[in-house]
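**Q** Chain by chain, the residues run as shown.
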Amino acid sequence: MQVEYPKPKWTDKFLLLDMFEGLKTTFRELFRPKVTIRYPEERLEPADRFRGMFRFSYDRCIACKLCALACPIDIIYIDVHDETIEQEGKKKKVKVLDRYDIDVKRCMFCALCEEACPTKPKSIWLTTKTYELATYDRNDLYFNMQELEYWDDRPRYTGLPEEEEKPRIADERRMLGE
Amino acid sequence: MNPWMTYLIWPLIKFSIAFIAVQALVAAMNWIERRLLGFFQARLGPNRVGPWGLGQIIADPIKFLLKEDFVPARAEKVAYYLGPILPLLPSFIVFCLIPFGPPPTFAVTNNINVGLLLIFALTSTAVYGIILGGWASNNKFSLMGGLRSAAQMVSYEVPLGLSIVGVLMLTQSLELEEIVRYQEMNSWNVFPQLVACFIFIVAMNAENNRTPFDLPEAESELVAGFHTEYSAMKFAFYMLGEYSLMIVNSCLAVTLFFGGWSLGMGGIGFTTEVMQKMGWVGGLIGTGIFVTKMMLFLFMYIWFRATFPRFRFDQLMDLGWKFLIPLALANIFVTGIVLLAFPSRLYGDTVIAVGEIMLTVIGMIVIALTLVLLFKPKRPKVINASRVSEA
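Just so you know, the sequences run in chain order R and B.
For the first sequence, the working numbering gives the first residue as 1, with consecutive numbering after it.
For the second sequence, the working numbering gives the first residue as 1001, with consecutive numbering after it.
The reader is advised that the hints may include incorrect statements.
As a list, the in silico DSS-like pairs of lysine-lysine whose alpha-carbon atoms are at most 25 Å apart [as the list claims (entries may be wrong)]:
no.: 1; chain 1: B; residue 1: Lys1376; chain 2: R; residue 2: Lys13
no.: 2; chain 1: R; residue 1: Lys65; chain 2: R; residue 2: Lys24
no.: 3; chain 1: R; residue 1: Lys24; chain 2: B; residue 2: Lys1293
no.: 4; chain 1: B; residue 1: Lys1077; chain 2: R; residue 2: Lys13
no.: 5; chain 1: R; residue 1: Lys9; chain 2: B; residue 2: Lys1140
no.: 6; chain 1: R; residue 1: Lys9; chain 2: R; residue 2: Lys24
no.: 7; chain 1: B; residue 1: Lys1077; chain 2: B; residue 2: Lys1067
no.: 8; chain 1: R; residue 1: Lys122; chain 2: R; residue 2: Lys105
no.: 9; chain 1: B; residue 1: Lys1376; chain 2: R; residue 2: Lys24
no.: 10; chain 1: B; residue 1: Lys1293; chain 2: B; residue 2: Lys1277
no.: 11; chain 1: R; residue 1: Lys9; chain 2: B; residue 2: Lys1277
no.: 12; chain 1: R; residue 1: Lys122; chain 2: R; residue 2: Lys65
no.: 13; chain 1: R; residue 1: Lys129; chain 2: R; residue 2: Lys93
no.: 14; chain 1: B; residue 1: Lys1293; chain 2: R; residue 2: Lys7
no.: 15; chain 1: B; residue 1: Lys1063; chain 2: B; residue 2: Lys1077
None of these hints come from the bench; they were simulated from the model.
Let's have the full structure, built from the sequences with the hints guiding it.
**A** Structure, rendered in C-alpha cells:
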C-alpha cells in the first residue's frame, strides 16, 4: 500500500505548522504509558523458551556423560561408579552418579548439553526462567547436583556477605534417595 | 514611614523572599526537567530517591558540594574562578526588578521607569561568564564553546531587543508595571504582537543556550562545551546561572506578552484594581497567577528541548540574521504603519484605539487558524498498488 500525504500548502508553511505538529506529537507522548520496568519491584516474565539457569534431574539421569562430552568448555564434572543390583532375579550392572557438578560461572548457556542428553524427558535442561544468578562470591556459582536439582529452594541473597552468614544450600534431609 | 524602612529594610526582605523562592525553584527545576524529559521519552526519569524522586532535589546539590573541585593546572586562575560567578550576579539582581504581583506586593523595587532596559542590560552581561570560563579552562573544546556562545548571544540579542520594540510602541512605556496595566486594560500583547512574541520566544531559547540552540555545550561535538573543565560547585554555579536566567526570561515573556500578574483583558477579569481591593489576598492571587504563567514557560523550555533537534552552527546564524532580524524589523514597520494609519478615535465618550484592535483581531485570527489547521485530521491519501501499476 502506498500512502501519499497531502503536500504542504503555503498557509502551512506560513503558520509553521510542521513545528507545531512536532510539538503536538511530543505533547501526546507525555501522557502515554511509560515502558520502564522498575526492576526490583517489577519483573518481566521471560519468554517460554528463555534459557535460564540449569535444572538437573537425578532420577532421569543415566550417567552416560554425553553432556560432559558435548560441553565446549568442559565445565560439567561427572564421577560415576558401577553397582550390581538384583532386578527380576538377574544380576544387573548399573551406573550410579556420584558427582554431577557444573561450574556455572564459566558457562555460556549454549545448551549443547541439553541437546546431547539422550533421556526423554531430558535430565538436564536450561529452559527455566531463573535469570537472577548474581552472587557476591564467584565460588557460589559452582553447583553440585543437589543444588542443581533444588535451585528453587536456594535462598535469595539479600544482604552483603559480611552482614549475615550465607545459608548453606545443601540440605542433608533433602538428599536424593531419601 | 521611616525612609530606612522604605528604601532598605523592606526591599531587602522582599528581595530575600523572591531570591530564596527563585533559588528553590532552580533546584527543583533540575528534577522537574529530568522527570519531564523522561516522560516525553517514554521513561520515568529519576524516581528512586524519596517519593516520586523528590529527594533528587536535595541529593544533587549535596553531590555537587562533596565532589572534588578540580582546577586544570594551566588554567588562567582568575578568569577560571570568575567564569561561573559572573552569570549569577545579573540573574540575582534582575529579580529585584521583576514585578511578581500587583504594585504594593511583591515587586522589590517599584517604578523603575527604564526597568525593561535595565533588565536587558543586565541579562546580556551573562555571556561574559561563559566566554571567560571557556577561554580560561585552557581546553580547545571549552574555547570553541565559549566562542560559539559569544557569537550566538550577540546574534540573538538583536532580534530579542527588536522584538520588544513593537510592544513598547503599543504600551509607550519601559516600565514593566505600565506594560502589565496596558495589557489588562487592552489585550495581552501576544495577540497584537504575535510575531514579536514568536521572535521573543525563539531568541529567549537561544539566549539561554537551550536545546535547539545549545551549541555552546553541544555534547556530541564539544564534550561539554564551555564547562568541560568545570566540576563540583563551579559547575553547579553555571547551572544555577543558566536556570536563573531561564526563569528571568520566562518572567519577562509573561510580563511583556502574557499579561503579567493579571488574568483578564479589556479591563474585565482579575485586573490590578480588583486585586488591590482584595488587599493582601489579592496580592497573593496575583503572584500565584504570575508564577503559574512562569511555570508554563519553564515547561515550554523543556517541551522544546524534548522536541527539536539541535541546529547546525550556520543554520543557527542563518535563522538569527536572515530570518529573525528581518522579521522583527518588518514587525516594527507594520506595527508602526498600522498605529499611525489608524489612530485612536473618540466615539461618543469612549476612546477606541482602532489600530491596536485591528492588530489584536489579526493576531487572534492567525492563532485560531493555526489551531484549526493543526487539529484538523489529516487523512493520508491511499493509493492502491493496482492503480500505481496502471499508472
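**Q** Evaluate each hint against the coordinates.
**A** Outcome of the hint check:
| no. | hint | result |
| --- | --- | --- |
| 1 | B:Lys1376 to R:Lys13 | holds, 16 Å |
| 2 | R:Lys65 to R:Lys24 | violated, 64 Å |
| 3 | R:Lys24 to B:Lys1293 | holds, 20 Å |
| 4 | B:Lys1077 to R:Lys13 | violated, 50 Å |
| 5 | R:Lys9 to B:Lys1140 | violated, 45 Å |
| 6 | R:Lys9 to R:Lys24 | holds, 19 Å |
| 7 | B:Lys1077 to B:Lys1067 | holds, 19 Å |
| 8 | R:Lys122 to R:Lys105 | holds, 22 Å |
| 9 | B:Lys1376 to R:Lys24 | holds, 12 Å |
| 10 | B:Lys1293 to B:Lys1277 | holds, 22 Å |
| 11 | R:Lys9 to B:Lys1277 | violated, 51 Å |
| 12 | R:Lys122 to R:Lys65 | holds, 13 Å |
| 13 | R:Lys129 to R:Lys93 | violated, 37 Å |
| 14 | B:Lys1293 to R:Lys7 | violated, 36 Å |
| 15 | B:Lys1063 to B:Lys1077 | holds, 24 Å |
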